[in-house]
Every structure is written in structure tokens, then in C-alpha cells.
Amino acid sequence: MKLDNVFKKTRLPKRKNPGAADAARPEVPEGLLRKCNMCKAAIIAEDAKKGNYICPKCGGYFRMHAYRRIESVADEGTFEEWDRGLSTRNPLQFKGYEEKLAALQEKTGLDEAVTTGKARIEGTEAVLAVCDGRFLMASMGEAVGEKITRAVERATEEGLPLIIFTCSGGARMQEGIVSLMQMAKTAAALKRHSDAGLFYITVLTDPTTGGVTASFAMLGDVILAEPKALIGFAGPRVIGQTIGQKLPKGFQRSEFLLEHGFIDGIVERPQMKETLGRLLRLHNAKTPAGFGDEEKSRPCLKIPAGMDKAKAWDRVQASRKKDRPVGKDYIQALFTDFTELHGDRYFGDDQAIVGGIASFRGMPVTVIAQEKGRDTKENIRCNFGMPSPDGYRKALRLMKQAEKFHRPVICLVDTPGAFCGVEAEERGQGEAIARNLYEMSALKTPILSIVIGEGGSGGALAMATADEVWMLENSIYSILSPEGFASILWKDSAKAKEAAEVMKLTAGDLYAMGVVERVLAEPEEFTAQNIRAVTEPLGNWIEEFLEQYAGLDGEELARRRYQRFRKM
Amino acid sequence: MIKKVLIANRGEIAVRIIRACREMGIETVAVYSQADKEALHAKLADEAICIGPAPSQDSYLNMESIISATVVTGADAIHPGFGFLSENSRFAELCQQCNITFIGPDAEVIARLGNKQEARNTMAAAGVPVIPGTKEAIYDAQTGLKAAREIGYPVIVKAALGGGGKGMRTAYAEEEFEQSFQTAQKEAQKAFGDGTMYIEHFVQHPRHIEFQILADGFGNVIHLGERDCSIQRNHQKMIEESPSLALTAKLREEMGQAAVRAARAAGYVNAGTIEFLLEPSGKYYFMEMNTRIQVEHPVTEWVTGIDLVKEQIRIASGKKLSYSQKDVRLTGHAIECRINAENPSQNFRPSPGTITDMYLPGGKGIRIDSAIYSGYSIPPYYDSMVAKLIVWAKNRSEAIHKMQSALGEVIIEGIDTNVDYQYEILNHPDYLSGNIDIEFIEKMQGDMV
Numbered sequence: 001m002k003l004d005n006v007f008k009k010t011r012l013p014k015r016k017n018p019g020a021a022d023a024a025r026p027e028v029p030e031g032l033l034r035k036c037n038m039c040k041a042a043i044i045a046e047d048a049k050k051g052n053y054i055c056p057k058c059g060g061y062f063r064m065h066a067y068r069r070i071e072s073v074a075d076e077g078t079f080e081e082w083d084r085g086l087s088t089r090n091p092l093q094f095k096g097y098e099e100k101l102a103a104l105q106e107k108t109g110l111d112e113a114v115t116t117g118k119a120r121i122e123g124t125e126a127v128l129a130v131c132d133g134r135f136l137m138a139s140m141g142e143a144v145g146e147k148i149t150r151a152v153e154r155a156t157e158e159g160l161p162l163i164i165f166t167c168s169g170g171a172r173m174q175e176g177i178v179s180l181m182q183m184a185k186t187a188a189a190l191k192r193h194s195d196a197g198l199f200y201i202t203v204l205t206d207p208t209t210g211g212v213t214a215s216f217a218m219l220g221d222v223i224l225a226e227p228k229a230l231i232g233f234a235g236p237r238v239i240g241q242t243i244g245q246k247l248p249k250g251f252q253r254s255e256f257l258l259e260h261g262f263i264d265g266i267v268e269r270p271q272m273k274e275t276l277g278r279l280l281r282l283h284n285a286k287t288p289a290g291f292g293d294e295e296k297s298r299p300c301l302k303i304p305a306g307m308d309k310a311k312a313w314d315r316v317q318a319s320r321k322k323d324r325p326v327g328k329d330y331i332q333a334l335f336t337d338f339t340e341l342h343g344d345r346y347f348g349d350d351q352a353i354v355g356g357i358a359s360f361r362g363m364p365v366t367v368i369a370q371e372k373g374r375d376t377k378e379n380i381r382c383n384f385g386m387p388s389p390d391g392y393r394k395a396l397r398l399m400k401q402a403e404k405f406h407r408p409v410i411c412l413v414d415t416p417g418a419f420c421g422v423e424a425e426e427r428g429q430g431e432a433i434a435r436n437l438y439e440m441s442a443l444k445t446p447i448l449s450i451v452i453g454e455g456g457s458g459g460a461l462a463m464a465t466a467d468e469v470w471m472l473e474n475s476i477y478s479i480l481s482p483e484g485f486a487s488i489l490w491k492d493s494a495k496a497k498e499a500a501e502v503m504k505l506t507a508g509d510l511y512a513m514g515v516v517e518r519v520l521a522e523p524e525e526f527t528a529q530n531i532r533a534v535t536e537p538l539g540n541w542i543e544e545f546l547e548q549y550a551g552l553d554g555e556e557l558a559r560r561r562y563q564r565f566r567k568m
Numbered sequence: 001m002i003k004k005v006l007i008a009n010r011g012e013i014a015v016r017i018i019r020a021c022r023e024m025g026i027e028t029v030a031v032y033s034q035a036d037k038e039a040l041h042a043k044l045a046d047e048a049i050c051i052g053p054a055p056s057q058d059s060y061l062n063m064e065s066i067i068s069a070t071v072v073t074g075a076d077a078i079h080p081g082f083g084f085l086s087e088n089s090r091f092a093e094l095c096q097q098c099n100i101t102f103i104g105p106d107a108e109v110i111a112r113l114g115n116k117q118e119a120r121n122t123m124a125a126a127g128v129p130v131i132p133g134t135k136e137a138i139y140d141a142q143t144g145l146k147a148a149r150e151i152g153y154p155v156i157v158k159a160a161l162g163g164g165g166k167g168m169r170t171a172y173a174e175e176e177f178e179q180s181f182q183t184a185q186k187e188a189q190k191a192f193g194d195g196t197m198y199i200e201h202f203v204q205h206p207r208h209i210e211f212q213i214l215a216d217g218f219g220n221v222i223h224l225g226e227r228d229c230s231i232q233r234n235h236q237k238m239i240e241e242s243p244s245l246a247l248t249a250k251l252r253e254e255m256g257q258a259a260v261r262a263a264r265a266a267g268y269v270n271a272g273t274i275e276f277l278l279e280p281s282g283k284y285y286f287m288e289m290n291t292r293i294q295v296e297h298p299v300t301e302w303v304t305g306i307d308l309v310k311e312q313i314r315i316a317s318g319k320k321l322s323y324s325q326k327d328v329r330l331t332g333h334a335i336e337c338r339i340n341a342e343n344p345s346q347n348f349r350p351s352p353g354t355i356t357d358m359y360l361p362g363g364k365g366i367r368i369d370s371a372i373y374s375g376y377s378i379p380p381y382y383d384s385m386v387a388k389l390i391v392w393a394k395n396r397s398e399a400i401h402k403m404q405s406a407l408g409e410v411i412i413e414g415i416d417t418n419v420d421y422q423y424e425i426l427n428h429p430d431y432l433s434g435n436i437d438i439e440f441i442e443k444m445q446g447d448m449v
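Chains as they are written, first to last, in my numbering: chain P, 1 to 568; chain U, 1 to 449.
Since the hints were derived computationally from the structure, they do not count as laboratory data.
Ideal Cβ positions, reconstructed from N, Cα and C, are used throughout, including at glycine.
Hints are supplied without guarantee of correctness; some may be wrong.
What the hints assert, rightly or not - Chain P residues, not near chain U, derived (Cβ > 10 Å throughout):
#, residue
1, LYS9
2, THR10
3, ARG11
4, TRP82
5, THR108
6, GLY197
7, LEU219
8, PRO227
9, PHE251
10, ALA333
11, GLY417
12, SER493
13, ALA496
14, GLN529
15, TYR562
What the hints assert, rightly or not - Some, not all, of what chain U presents toward chain P, calculated at C-beta under 10 Å:
#, residue
16, SER68
17, ALA75
18, CYS98
19, LEU321
Work out the full structure, taking the sequences as your base and the hints as a guide.
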């Protein structure tokens, strides 16, 4: 049965005063509702405002005004603005430009497209520069370049870390070549800031393009981005028109950059302040008082008794056991505040290597682990712990970063070997491994490597050119897998068992040969459940190591490391 | 006076409200989701406007869309019905900001009564009995024992983070307390990682008794007697009746007065319901106040002769109550059965689909509130209730006979319904004798197995 237009409409009564003015008609007051420019839905403006300027319907991010942004990350009342009122001299004498600026200043209450100053974030002092897209799409003219440069210089003078929230269309056309020069000027100031050993974070927000991407935006020690922000050098429309092709979905968005290794992480707005605060703290921490000087219950043996009893092949199998703890389990058990940093800044972000900054009993350290993953899904994502060149390059990037801040590096080695495949060769697997050995040998900060599972060949050595190398009781470390060894020498990979016995790949053998310094006992049936049995004594050993090495200067460390391998 | 009402709801309640408006000469605007294009409420209203995709979140709960629809159609009031946005204080506040009359209490009153703890405190302060319990968290059995003694047995020990019956134990006497407390705490510790406990009086074999109230903006508050809604499955009411066999005239008077005090204390205006648990001993406790029209309002309408929806609209228009307490007399007996599109033999699984044919009973003392028609497709997105069958007769036993007869006439083809299940209840000796409490369905299910 269809019911279209079958019912009679309501018969309205005669109104007593049909002409009488209606009481105030329902209407939506100005500003109560607004339209989300992403999902096009009507939303309650107040909800977006209270919710970090995120659309409550689609979760999309609205652009944030500079002062709101500062309020959202700075501790209340701590922001001190610098260089307010500084504006451009209109270098090209561009017609109508000054009037346009005056109108924008009037409309936005801003003096220029960037606001700079100093604030505390979760208690740590930092210099802040925040771009505001309402002002000529925060394009970089001389005023923007100058304000940023001054802020960077002052940060350098005062020895302060720096955070820049970028948002920009790029260069400011009205200022021509002068605008272009701001790229070099800001980059140069940042180089000095970095050379002074100071910390710089950039937070890329939508959109960060053109000359800003190609200067200060991409120079952070840590580069964070907001979700789905457009980030790129040439704009997508320009690229599309130039090459005449349809661009892939998600092209030049934060997620795309993360996948391609150019940013350290994507941070949601509600977590931004906490993330920045944590990163600043990790770069501000001094060695905690009492670190290492207390007598801990250290295992006094450098190698557990009775190591030679088990068959080498049994140890090979134990090292590969599916439920053996993986890199992430150790990170969780040994460190706090672990902040993962992604990407090699060249090509990609290899999931077979997980790295970042963390706190070890109050001391900031860089942790880099070869990661096999905990279940099949993770195994596949992590390529079963077989790193690609991008993984080694990421590791090296993080080590160089650690060197800058004289932060000790702790590597967890667990790989069957570097990934063997076409793509790996295309991108220079050999070069990547070689580069790591070369740079690590002289890295001016302590490096400790711990073999927690398989130490497969060059793929392992690229994370074990260290001051000391330790092994777990059932870990192995070898020139290649017993299967490979048997196949090359005896043309029969089935003879892996015999190979294992002659290869001297167990922790006990390697200790005896002086390849490793210490061997750590494991419980029987070692899994993530009882990982504490290992990580507690291991933690004490690490504390001892850091106590011993963190005080040495870089040259001395490099000299000793040279000698360590020179002997072999 | 309100001239045009937008009904921010669907199904039978939307139809019910549209009918009241038509009778009052008020224009109506229906809103509907993309799944409800053919729904009766959308066809019956003077105007209908689509407010979004099928999921409630995007349509019937989409405040911005509904407000925009109201402004666009020039309606001056919104009736929220029940469910959806009816008890959303934020929505009521938005209406206020947009100069739209929200047919219900003020936003602030909704918010206050929606907060369990605050509602309880308001009621306790107004002298409305609440379930006695500890105000502070209890961490050990010894402190708990003292508290239990003060509260009076039986008591129930509950985990602060509890849910799903976990970390909950009753103790009927002091000897059992320690054991119960420790078991509950251990369970809570295990399930929620927290052993913070509360203790309250355990209400045994209660009936669900609720009082309908009406309050205008001039300080007049009256109650319209009770509804006995003890026949529930998983806290979902199935059958409601008025009056309740369990209330003497004296108790009705006493509870009615408590309900009026409760409404006054909350600063309540419009129609509302105060829910109580009533013990066989005659002790009763405040549970919560519902700040909207209820599904079961027709039984009250029938025994009092008062049209609740019309009164709601009148009150929202700023008019005084048309009745005083002395005008309210409960006459005869009314029973309502909810007809749901569900399959009782498959654990009441919802049964959406197309109604291929239907025949509904009629005659003296029979009322049907529904939104279904032959050929209508029940969408799978919303509540499964499709109709309410209400009967009235001189007394309970005649009303039961009328309901039995009427249920026997209901024919809805194409979907599964709970009609036969309701018929079983109506023939159950305990139901017939009025020996019911909120555990009735659970017991009946047990007997069937």
C-alpha cells in the first residue's frame, strides 16, 4: 500500500489575530552552527572549539589560529611574545600590498603570518614560532623570515629548544626574490642552533608547502605532523597539471610522508602537548643523581655457569622460537617514555627496525631494536625482522641524532639477516650496512648492543658495531644461518644441525672467543610473560655500562671502539 | 500558543504526537531518515523533511540537522518523543538558544536529573526515600560490616567500576557478609583491577512502580497515579498496567505525594515520570526520574481521561494545568502490551522486514498505537517495537480477558512478533493473580526450560 498524499492535512483553526506579529521566530543565532569544510556537515561551533578544533562529525582538523595553538600547548600564562609589530618593508614596492596587509592586520589582529616567543610546555622552557594561515596563507615574506630567524637566534643565545608549528603556502609572491632568500636565512640560523647542540621540533600542520617545506619545516631533529595535513614542495594541483596524471589517494598527506620516511610521527591534537612536553623533557634531562653509584644486585658472573651443556642446534632453535620475547617486549620492560621516531628521511619507514628516544631509569637514551613482531600479522609487517636499507638508514639517522645530544645508544639485535630481495638491492643494502659500520665505529656517544635472538650476519653487525656486545644465553650470532653455511660449504642445507655445532655461534663460544663481553642467563621456557627474569638483571648491567661509558668523551669512545674491532 | 511542531522522532510515538497536534489544530513537521522515507509518521504529517542517513547517529540524533529543519520549516516547537534526543540536555539547550520551544523540561533540569548521584541527592533532600547505601567507598570487610549493619540486611556489595553483574554479591545476614564482600572484591580486583566497593540495601522481589506527574510553569504539580511495569525482560518493559494491585489507596496517596515532592524539588515543568522500586513490605525507593513522555503513557491516559501529549503541548505553550489533583481519579483498569518485531524463540532476535498483510483488533476498550501498515518495510536500524495494544475495562480481570481476546486477534504477516509470547504471559497463573515482580519473566523463562 502506498501512502503518498492520502492523508488530509491538518485543518488549522482561525487565529484570533491573524495579522498580529509573531513572537520572535526560531532562528539559529549567528555563530552557533558552522559548516565543516571537510565533511560538509553542520556542526555546533562550540563543540569544535572545545574539542581542539576537530570536527565532531568527521574527525577532520580545522586550521588553528596561532594564539589558540599557543594556548593549546603552552602552560597557562607562560607565553611571552617576541618581536610583535615587526612587519615587511614591501621590498618590491608591490602595488596594493601594504593596503592588503593593513586590512589583514585589522581583520585578524595579527601583525604578520607568524607569532614567536617563549613559553613553558609541561614545565620545560622552549622557544615557539607558530604560523597562522589566515594571514596570506602564512606565506613567507621577509617579516616571517625575520621573525623566525630572530627567534632561532635568540633560542641559540639562550640555549633553548625550539618548536615551530608550520602552516604555509610557501613563498610570498609580493616579495619576490626577497621571499626566496628567507629560505636560506632561516635554514642558516637553524644550522647554528643545531651546531650549538640544541633541540628543534617541527610540527607540520595543514598545509605546509613550497618554500617553507624546503626550509625550516623539514629541518627538525624531530618532525611531527598533524593527521591528514597536506605537506609537499610542489602543490598537488601543479604536479597533476604538469605531469597530466591523476595523483594517488592520500598523496602528500601526513600519512603518505610517514610511509615515505620523511616524518617521525603523526600526533593527534589532544596528545600534542603531552608529546611535546615528553620530547622536551627527554632532551633536557641530566643524568639522574645516584645513577649507577648504588650497589645493585648485579649478577657477578659475566657468563652463566654450565653454558656449554646444551647442543648448539638446540640454542639455534631456541633463538628462533615463536614465543620468544621480541624487541618491543624489551623496550616495554626496560624503558619508560619510549617515543618512537619513524623514517630514514630518504625513502621509507622500515618496520623491521623500531627506534626512538626513551628514558632508562631517568637517563635519556636512544633505543633501536630489530623487530620480528609478536604474531603473524606483525611478522609480515616487520618482514620477520629482516631489515631493508631504509631500516639501517633510519637506525643510523637516530644514532647521529643521539650523537648530537650525546645520548647513549642501545641496540637490540634480533634478525635472521638483512632482507634479501630485489628492492633491497635497488636501494643499496650493501651500502646501507657498510655505512652503518663506518659511522658507528666513530660515533661520539656510547653504543651498547644486545643480541636477544638471532644475530644474522652483516644485518646484525650493522647494529652491533658497539662499545660492548652482550648476548642472551640462547641467542646466536654468526656469519650466516646454519642452513646457509651448510648449503655453501656442503651443498646441503639439511645439514644445518651439523653446521651449527661447528660454526661457534652460541653465546658461550663467542664469549670464549672474545667477540662478546657478557652473556645473560635465561629462564627455561623464556617468553614475554617472564621477561622480567632477564630484564631486571639486564637493567642493572645496562646501568653499570652507562655509568662506565657515559662519562667518557666522544674521541675516547671512538678510540676504544676502534681498538675493540682492531684486535679481531 | 504553539502553532507548528516538529516531531524529532519516528515510529508510533511520532504518529501519536502528530495525531494530538492535528486534533489541536497545530501544524506538524515530521523528520525522517533515508531509511524512513515510507514511514507512516513521514506520510501523516503536514510536512516531512529528511535529516540524514539511516543510522540514528546521523539522523534522529543529529542535533544540527534537526535544528536546521525546524528553522527552515518555521516550526516554533520541537516534540522529542522518547528515546533519541528526548533526554539530551544539550539538545534542549540548543533549542532554547535558537528560540525554539522544547516540549519538555528545561535543559538544566534534564541535566540534573540525568546525573544519577545528583538526582539521588536532590530526592533524598526532598524527603523522597532512596535506597540506603554507603556514600564513601569501602575497601575492607570490617568497615563494610559496620556500614551494612547501619544500612540493614539484605545488602548488596557492588564494585565501583562494576558492570555486567561482575564484582557484585548479596548478603542476607551478618554471618554471610564477610564472605560476600571478599568474593565480590576479589572478582572486582580481577575484572577491573580495582577493589573499590560500595554497599547498598538489597531490594528484594520489588515491583517497578512509576508515577506520572504533570507540572506547569506556575508551580502546579499533580500526579496521575501509578503504572505497574514489573513485567520486564532485561530491563525492557513488556506489559504495563494501571492501577497496580500492590498499592492501597493510602500507599498511592503517599507515593503520589513523594512523586510530587520529587518533581517540585527538581524544579520540574512538563510531563515526567518518577520510577520507584516497591518491596512486598510496602517500602519504596526512588530509582530515577524520566524527563519525557513514556512509552506506556496510554494506560495512564485511559484511567485518568487525560491526554498527556496535549497537556505537554499546553504546558510548553505557557498555559496552566487544566486539572488539579482533586480532578484526578483512577477509573477502571488499563493494560498495555508492547508488540515487537522480534523472535522470542531465537532469544528475541529483532525481525525487521516487510509486513505482507496485517489485521488489528478493535472495538470497545481497545486502542492501538502503531506506525505499521500493510506493505510497510520495517527498517533494521531502530527499536523493534512496532505497536502498542492497550485495553481498558472496569476491573483488572475484565481487562485481562479483553487483552487476551485482543491479542488473539492480532495478525501481522511477514515478520516475527512477540504476540504469542505476550499471550502466554496473559495466561500465566501468577500474572492472573497479580503475583508479579520484576523477576517475573526470568522465572517464567526458567519454568519454560
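- [ ] Tell me, in ascending order, the numbers of any earlier hints that this structure violates.
- [x] Violated: hints 1, 2, 3, 19.
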